[in-house]
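Peer 1: Sequence:
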Amino acid sequence: MLIYSMSVSVDGFIADREGGFGWTAPSEELFRFHLAQIRELGGYLLGRRLYETMLVWETDPSLRDNELRAAFADVWCALPKVVFSPTLDSVQGNARLAKASVADEVAAALDVTDRDVSIGGAGLAAAAVELGLVNELRMFRYPVVVGGGTPFLPPVTEDVPLHLVETRTFSSRVIYERYGGARDESD
Numbered sequence: 089m090l091i092y093s094m095s096v097s098v099d100g101f102i103a104d105r106e107g108g109f110g111w112t113a114p115s116e117e118l119f120r121f122h123l124a125q126i127r128e129l130g131g132y133l134l135g136r137r138l139y140e141t142m143l144v145w146e147t148d149p150s151l152r153d154n155e156l157r158a159a160f161a162d163v164w165c166a167l168p169k170v171v172f173s174p175t176l177d178s179v180q181g182n183a184r185l186a187k188a189s190v191a192d193e194v195a196a197a198l199d200v201t202d203r204d205v206s207i208g209g210a211g212l213a214a215a216a217v218e219l220g221l222v223n224e225l226r227m228f229r230y231p232v233v234v235g236g237g238t239p240f241l242p243p244v245t246e247d248v249p250l251h252l253v254e255t256r257t258f259s260s261r262v263i264y265e266r267y268g269g270a271r272d273e274s275d
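For the record, in the sequence shown the residue sitting at position 65 is 153 according to my numbering, with numbers rising by one throughout.
Distance ranges between label pairs, derived from CB positions:
id	residue 1	residue 2	range
1	P249	L156	33 to 39 Å
2	H122	E246	28 to 34 Å
3	E128	P249	22 to 28 Å
4	L219	W111	27 to 33 Å
5	V248	P149	40 to 46 Å
6	N154	N182	18 to 24 Å
7	V248	Q125	18 to 24 Å
8	A195	F258	31 to 37 Å
Because the hints were derived from the structure by calculation, they are not lab data.
Backbone N, C-alpha and C fix where the C-beta goes; we use that ideal spot for every residue, glycine too.
Make the full structure from the sequences, and use the hints.
Peer 2: Here it is, written out as structure tokens:
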């Protein structure tokens, strides 16, 4: 199953008008939840900006300053990643540059694991959504309105029916929403 999971503002943006997302810093409780979700994945497809944002977990030893953060860094470093970027010549760690189309890379990532695969980065995820490849949407809705920026979802030309599978409210007031597609019979 392909999962698209991101932090989002109440008004549906993953980054604000200036490209900032400082308002998405997770509490310890939420960080533990993210760690548990990453542990369940068999791969991750990501765009250049998300790859560059997350690269610090592989390159900055100061992020391993406590047991929880060290555990996240270990899991993230071990996770196979495919990076989509026309501007990068190389990537680091357990990552490779995408060589095929989004559809082909998604199929290949799902073929090599019996676990779920996640996709991230607004542009890349939008392409997967538009192709009908995403089976599940996971939103971490932060209690903030940013008024514009990078949208979580692309504009669509027809309705995409979803069903709410799970919700959880964290003590930080972040609400986790998990949606399955109407055509996805796994839930």
